[in-house]
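Engineer: Residue strings, one per chain:
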Amino acid sequence: MTLTRPDDRPAQMNSGNALELRGITKMFGALAAIADVTLTVRPGERRAVLGSNGAGKTTLFNCITGDFPATSGIIRFFGEDVTAFPPYERIRRGLRRTYQISSLFAGLTVIDNVYLACRGVSRNRYSLLRPRTDDALVHAAEMLVEAVHLTAVRDRLVGELAYGQQRQLEIALAMSGAPRFILFDEPAAGLSPTERRDLVAILTSLPAHIGYIIIEHDMDVALRVVESVTMMHNGRIFKEGRPSEIEEDPEVQELYLGGGHG
Amino acid sequence: MALADQAPTGARINPAAAPGRSWIERIPPGWWIAVVVLLAMPMVANNFWLFQVMGWSFILGMIAVSLTFLAGYGGMVSLLQMSIAGLAGYMVAILGPSGTTSISLGLAWWIALPAAFLVAAIFATLSGALAVRTEGIYTIMITLAIAAAFFYFTRQNYTIFNGYSGFNLVLPPRLFGVNWRDPVPFYYLCLGCAALCYGAVVYISRSPFGLALQGVRDNPRRMAALGFNVTAHRVAAHALASVFASVGGILLVWQNAQIAPGTIGIPAAIDILVVAVIGGLRRPLGAFVGAFIYVILQVFSPDVLGVFGFSAERFKLIIGLGFLAVVLFSPDGVLGLWDRWRARRARRVDPLTGAPR
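Taken in order, these protein sequences are the chains called F and R. Residues in the first sequence are numbered consecutively from 1, following the numbering used here. Residues in the second sequence are numbered consecutively from 1, following the numbering used here.
Chain F with its partners taken away, still in its complex shape (with noise of 0.2 Å):
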């Protein structure tokens, strides 16, 4: 990693980084969908994965929350070994993340996905009491559902909702709870111009202690919301780098970016 920085944010729980995997290896069948990556990420730092269709990043992804388990390797997340762990018992940690096809609680209302969202990640899962209306948790939802601009439609079925309100909701639900590390899977897919704008704010606007990993195609979008780049191809890691090194890397542009690039 060649981006350490001297003002580097205090070290979190007996390590200093965020996510670190080792060796992280996914098979399917006879098939390596990502082999052998390493990848370190401090906390607060937000990094792009960048790569062709087919590269690994949903894969990876997958990997790190534990939605397929990694065939081998090691991922620590905040020092701690979660390898083992099932998905819940992360994201109960401090990791979330979003989906690159939306996926949602179609037959809910807004207000009861992010609910629910802030649900999972606190006490009381099984209560059997409804909420009051003084509830904090209904009060950290209505909070989520403003910064994400669906107020206006927080009691429709979500079913309903347009695609943009759609991936502006699963931005919302990564966001519930105390996040400590995001992972965003093409969160611009589909996008309008303006809706890009507003997803390049609701991103630069977090807080600074909450890292993530973007997986984006649209360059205007991940290289101006993240401090480093990870290019992957053919399940590797290839190149690590600031993104004005990557822009600039002949390799990946022959590779990635169709040689014409800048």
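Simulated from the structure, these hints should not be mistaken for laboratory data. If you're wondering where the values come from, they're calculated on a predicted model, not measured in any experiment. Be aware that one or more of the hints could be misleading.
Said to hold, decoys possible - With beta-carbon atoms standing in for the labels, derived distance ranges:
hint	chain 1	residue 1	chain 2	residue 2	range
1	R	26	F	134	11 to 21 Å
2	R	308	F	133	56 to 66 Å
3	R	110	F	133	33 to 43 Å
4	F	160	R	33	28 to 38 Å
5	R	36	F	160	34 to 44 Å
6	F	71	R	34	50 to 60 Å
7	F	81	R	38	58 to 68 Å
8	R	317	F	122	47 to 57 Å
9	R	38	F	160	31 to 41 Å
10	R	33	F	122	38 to 48 Å
11	R	25	F	54	54 to 64 Å
12	R	49	F	122	49 to 59 Å
For each residue, glycine too, the CB sits at the ideal point set by N, CA and C.
Position chain R against the provided structure of chain F, taking the given hints into account.
Structural biologist: Okay, now just chain R, sitting in the frame of chain F:
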């Protein structure tokens, strides 16, 4: 049968909706009429109607509403609910007093009743833990297999379940000097229990547990990515549903004053599914509407069939045709028909002016 499509979406009252009116004022007038009719029924109806028709409807409704809870809110179609109800009923007969004194322990009701609920809940939790590892048709198959196994076990086991003959003279305790098997007290007992079960399902559907259960139904993978233990949630839903089924099962034993393997056979297990689907899985009320229709058909079709020269046993034919019609024309049951009829009325406008009539 696309049961997953019949997810309840009606629960739109939000915890933070802060309505201007109190909850009493928000109850629609139709409900008040229903409450008055149900409470006043013993003044006009005869004992047969109260005990057989209404009592049985409420009992079937409670067992069916436990399935509605699992299938409608949790997306899990279980054929086990009748077995769970039957097990609770058996437990009351085994632990409490019955005519089969060689087996029944004759314990007091305040031990036998909680123990019956507990045993049924343990059974539901264990079988639920097996069933939730499967999806869709396989959940139906595995619960059917357990139901069948339990049925044959009760029929062949004489040391605990007294085999073929089961237990007779299983009577409710004489609390407050009332014989609860008299038609009027039994009617109010069933009405009260049914109202409690219905209210509990409606209330729980908006609780964190109930909302999360609907989340598990819609998108289990995302629920895990929000911090929920999906498997544990599903198993807990099975355990909770067993409470409603157990209430129905215990009342059923008291109503018949006996229980035998036939009560929990495969036809009975399937009847619960039929009742829930006919009424509509979208809302808990559907279970009770379906149960009432089922009981009316069962009780009165012999007379009607007799007129046409059919045997009384053919009432299942009518139920089956009704089930087919519902699945074909209104997958969300009779309540779905009612909802659509109301929506059409609300949309009806004057053809000349376009103004609502």
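Engineer: Looking at the structure, which of the earlier hints fail to hold?
Structural biologist: none
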